[in-house]
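Colleague: Between the sequences and the hints, there should be enough to build the whole structure, so can you do that?
Residue numbers (the working numbering), protein chains in the order written: chain D, -14 to 280; chain G, -10 to 256.
Do not rely on the hints blindly, as some may be mistaken.
[Stated by the list, open to error] Coverage of chain G stretches by chain D, computed from C-beta distances (three or more under 8 Å per stretch; other residues unrestricted):
#1 101 to 109
#2 125 to 139
#3 243 to 253
It should be emphasised that the hints constitute simulated quantities derived from the structure, not laboratory data.
Please read all numbers here as calculations on a predicted model, not as lab measurements.
Glycine included, each C-beta is placed from N, C-alpha and C at the ideal position.
What follows is the residue order along each chain.
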Amino acid sequence: MAFQPALVASHLTRRFDSRVAVDDVSLELAPGEIFALLGPNGAGKTTTLRMLAGLIKPSSGSVDVHGRIGFLTEAPGLWDRLTVERNLMVYARLHGLDRPARAVDEALDLFDIGNRKQDRAAQLSKGLKQRVALARTLLHRPDIVLLDEPTSGLDPESARDVRELILRLRSEQRAVLISTHNLDEVERVANRVAVLRARLIAVDTPAALRRRLFGSRVLVRLARPAAPFAEVLEPAFPDVRADDRTLSIAVGDVEGAAPGIVRALVQAGADVVSVVADEAPLEEVYLRLLGEESR
Amino acid sequence: MSRIAALLGKELADLRNNPAVFIPAIVTGVISIVMPFIIAVAVPYFSGERLADSSDLKIAVEMYRDQPATRSLDPEGAIQAMIFQQFLILLVLTPVAGAMSVAAYAVVGEKQARTLEPLLATPLTTFELLTAKVLGALLPGVALATVCFAAYVGGVVMLAHPGVYRTLFFPRALLTIFLLGPLASLAALQMAVCVSSRVNDARSAQQIGALVILPISVLLVAEFTNNLQLTSRLVLLISSGLAALNVALMAVGIRLFDRESILTRWK
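Modeller: Quick look at the structure:
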């Protein structure tokens, strides 16, 4: 993948006494990319994010950053007794923004929380707090946004709002690195995924990881029993299974193979009802990767 | 400077929304003000016995009437002046108590509320963070001490013998309140902030910071027992020592404030 990276981490290692929390992690992050960091509890995700944000130093390795960083910590970390506006204003001034009041107003509008600006943070729901924390993270218009479990503990509606905000960041060409346990979320937003358990087990696009571990299959549903049509495909596709009216065909690339499969079946007289890609859920990919790593 | 001002503004706003934290300081201030009035005004009034008649206090009368500034006071006024002067050092404890209530939570509180990590992700330096924390605790304490001093003077004007209030404006008194007090508070709260950076609960920080009260108490007792006379020169000398101690404590505080340890080892 050719890009000018916004952030490059090279061979990051972090030890706490004798324990190695992060072991030789290298990754790159491009503008306009959402990169998801997956891993079980204690895998070193937060430690990695903290090293990338410059909050803690790596024991070895380096981080090159091209642009400003915004870091959303795992907890919203708002000052409960202060109003939403005041919370943001302090950060606008800490970042040395020229017009802090204006920056705060823009952030409030962007996150649709202007009507709650005089509320104390303690009065907000968890979802709203997370929204304010995101607004705080983006106040200084960072080029690189690090999000530590941004939807953890949120109700589905709030989580969806946060996901939409993350997608908006990508459309603004910001580089986003998100640490999460939420595989559904990763499925929906991430361009690339890394699975971490102290060291990186795998890094790739979700589709490529699936292909690598499970291969890809095309499911073709026919109007009549499928068995007679299996042998039509077998010369080109060695692994074809027929089950009642459905054919399951192992392919290298779903999008490339599906048109040829449909053409061959129609020419053989089959009535094709539907064609779908049969993809393993990301959860299975993730668990398989962790399982392989444990062995 | 602007980052210090930003965080200081937050500290003061936070305090305005949580005035209960200042109750110990207010109680200390009230006790410091009321006690000398009980001894110098209320007890003689209700018992009907003048302080000047007590043989124990004759030396004080002579001492005060020897000085040009207090020569015009009658014997009862001289003793009142002595009592009000000596109790002045108690007022020094007011800003210390105020600062201690706030400072102990300075770092521990942020960590417990999980607000420290986002703060450390900004360009804020350790010096700026600690300075804002220290000032955020010191300024309200000093303001409270000033209010208490004003009330003290007001009470003396209204209740003590004429002319006694003038002794509260002697350099010694003003230096005690406006120099020794703030510097002692600063030392106490810097100790508390240092400890607050290394411990997991605010109580430990309060206990260590409260050690500053001990030398102040020693001064108080020494003065009461006539083993020490707190002159302007002595106040200045102690203040200089405290100023040097404060510079050293800030340097130690910055060294002790281990961001990584706070983020990674505290739960």
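Colleague: All hints, please: hold or fail.
Modeller: Going through the hints against the structure:
| no. | hint | verdict |
| --- | --- | --- |
| 1 | 101 to 109 | holds (count 8) |
| 2 | 125 to 139 | violated (count 0) |
| 3 | 243 to 253 | holds (count 4) |
Of the numbered hints given earlier, the model fails hint 2 alone.
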